[in-house]
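There are 2 protein chains.
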Amino acid sequence: MNVVVVGIGLIGGSFAKDVKALYPNVHIIGIDNSDNHLEEALELQIIDEKGSYDALSQADVIFVSIPVNAMVRELPKILDAVGEETVVIDAGSTKELICQSVAEHPKRRNFMACHPIAGTEFSGPSAAMEGLYEGKTNIICEVEKTAFKLQERALAIFQDMKMRIRYMNPVAHDKHIAYVSHLSHISSFMLGKTVIEKEKNERDIFDMAGSGFESTVRLAKSSPEMWTPIFEQNRENVVETLEEYIQNLETFKQLLKDKDFDNVYREMSDTNRIKQILKGIPLTKK
Amino acid sequence: MNVVVVGIGLIGGSFAKDVKALYPNVHIIGIDNSDNHLEEALELQIIDEKGSYDALSQADVIFVSIPVNAMVRELPKILDAVGEETVVIDAGSTKELICQSVAEHPKRRNFMACHPIAGTEFSGPSAAMEGLYEGKTNIICEVEKTAFKLQERALAIFQDMKMRIRYMNPVAHDKHIAYVSHLSHISSFMLGKTVIEKEKNERDIFDMAGSGFESTVRLAKSSPEMWTPIFEQNRENVVETLEEYIQNLETFKQLLKDKDFDNVYREMSDTNRIKQILKGIPLTKK
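Quick mapping for you: the protein sequence lines, in order, are chains A and B.
First residue of the first sequence: 1, per full-length UniProt numbering; consecutive thereafter.
First residue of the second sequence: 1, per full-length UniProt numbering; consecutive thereafter.
Extracted from the complex, chain A is given alone in its bound form:
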C-alpha cells in the first residue's frame, strides 16, 4: 500500500506511525513545506521518503493534516493530482468550508472529509505517537459523496486503528465542535493570559500552579498557526459559544457579588454531572 501524508506533524505523524505498525509492507511518503519536519520525520522513521505532489498519482491513501487555511487551498490541487483509485482523507478541525472547497471538484468522490478528534497541545513530528487514535472518535462528513470502495478502504484503516466512527453533516459538525473543542481552547488561552498579566512574578505562577491550573491552562500551549485559521473558518459559531460562556461567567460573578451562595453551590452541583457524561454513562434525568 502506498500512503502519502501531507503535513507530517503531530496528527499526520501519528497516522503514519499507526499505519506503519498495522501494515508492515506500507510505503509512506511525507510531504511538508518544512524541510526540517521532513528530515525529522525521516530520522524518526515516521516516513520512508520525502516526496512532492508528483507522488500523489500513485498513492492508495493520502492523509492531509495541515492547518485549515492551507487545507482549503491545497485540497483542490491534491485532488487534481490523484489517480482514479486514490482516497484523500483530511483531518481538518473544521468541515463546512473544507467540504465547500471541493464540492464541485470533478474528483470529489476521491475525497473523504474527516475530523479525527485526537491531539495533544504539542506539535511537529516529534510529538507524533503510536496509538493516538485508539478509542477516539472520527467524525466523517458527507460520507455519501465518497466513492463506495474508497469509503471502504478508509474505514478499514480507521477500524484497524480502533477509532469510533460518527457521521455528521459539516454544518452540524462545526456547530458542535465549537462548543466541545474550540471554546475550550479559548477559555484556556484567556485563563493563561489573565494569570500571566496579573502575576508579574512568574515564579509565583509556577509555585502555586498545583491546584488545577495546569490542566485548565494546558490548551494555551497550543499552536497559534493551527488555531487562528480554525477560529477564522468557524468564526460565527465560536463567537456564539463565547457569548454564552461569558454570560454564564457573568451570572456566576453576580451570584458571588450578591452573596447568593446557595445558587453558587447549585451552579456547581448541576455541572458536576459532567463526571457521568465524560464516562459515557447514560444519565437518569433528575
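One or more hints might be untrue.
Unchecked claim - These stretches of chain B come out as covered by chain A in the derived footprint (C-beta under 8 Å, 3 or more residues):
1) 169-183
2) 239-250
Stated by the list, open to error - Far from chain B, by Cβ distances over 10 Å, these chain A residues were calculated:
3) N36
4) P76
5) E142
6) G192
Claimed, not checked - Pairs of lysine-lysine residues, derived as PhoX-like cross-links and limited to a Cα-Cα distance of at most 25 Å, are as follows:
7) A:K198 x B:K279
8) A:K253 x B:K198
9) A:K253 x B:K162
10) B:K145 x B:K162
Keep in mind that the hints were calculated from the coordinates and are not lab data.
The beta carbon of each residue, even a glycine, is placed where N, CA and C say it ideally should be.
Using the hints provided, position chain B relative to the given structure of chain A.
Showing chain B alone in chain A's frame:
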C-alpha cells in the same frame, strides 16, 4: 508519634498515608463528621482508629483538612483542646479568614497556617493517595506566629514528604491563589455548564470530547461542598479575577467579530509562554 487527622478525605487521607509510610511507628487517629468516611478510612488502613476531640490533648501533630467554613468554626475549638506540645496544621485553600479566626487565641503559637497546593478533582478517603504532596508547594502563612520548635516539627514532616515550602502573608496568598487556582475552577465549571446547556444530546459531548475538553473541564467535577465556602471567603479577590477574565474573553470575542486575525494570533502566541512558566524555566523577555 501521635497524629490526629481531622477530616479524612482526599487531602487528610493522603497526608495520613504519607505519614504512615514515612514513620512506621506513628499512630493515626481519624476524626470526621461522616462515620462512613471513618469506616472507609479504617478499612483502607489510612487511620488506626476513630476518635473525637478528646484525643487532641495527646497528639503531637493535628492535621485539619475540612471545608474552610468548618475550618474557621472548628479551629478555635481544636486549639482549646490541644496540649502544650501539639502542633495544629491546617490545609485550607484560603488563609486570611482562617488566620483571623485564631489570631487572638491563647494557643495561637500551637497553630501553623498552611496551604499544601495539591489535590485532584476527586474527594473522600478512597481518593487519598500516597505521594500526592511530593514536589508540590506548601504555602505557609504567618510562620513567625508559630512556636519555633513546633515549626521545626511540622517542617520536618513536609521536608520528608518532599514538599517545596514558600512563605507568604495571608492577604497575598488569597489574592494570588484566586488567580492561579480559584479562577481555574470557575472557568472550568462554567465551561462545563455552557457545553451541557447547549448539547442536549449528551452522547455528542462524550463522542466529541477528545479534543481538549476533558482537561479544561476536569475541575468541574470538584466538590461544591468544598468550593462554595472557598469562594465565599475569597469573594472579593475571586470577583476581581472574574472581571479580568471576562474582559479578556470579551476582547478576544471582539477580535473575532472584527476579523482581526493578526491579533487573534498574537493573543495566542503571547500566551504560549505559559509553556516555559509551567516548566519553571526562567524566561528571557522578548
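Each hint, compared with the structure:
{"no.": "1", "hint": "169-183", "in the structure": "holds (count 6)"}
{"no.": "2", "hint": "239-250", "in the structure": "holds (count 10)"}
{"no.": "3", "hint": "N36", "in the structure": "holds, 19 Å"}
{"no.": "4", "hint": "P76", "in the structure": "holds, 22 Å"}
{"no.": "5", "hint": "E142", "in the structure": "holds, 18 Å"}
{"no.": "6", "hint": "G192", "in the structure": "violated, 4 Å"}
{"no.": "7", "hint": "A:K198 x B:K279", "in the structure": "holds, 19 Å"}
{"no.": "8", "hint": "A:K253 x B:K198", "in the structure": "holds, 21 Å"}
{"no.": "9", "hint": "A:K253 x B:K162", "in the structure": "violated, 37 Å"}
{"no.": "10", "hint": "B:K145 x B:K162", "in the structure": "holds, 24 Å"}
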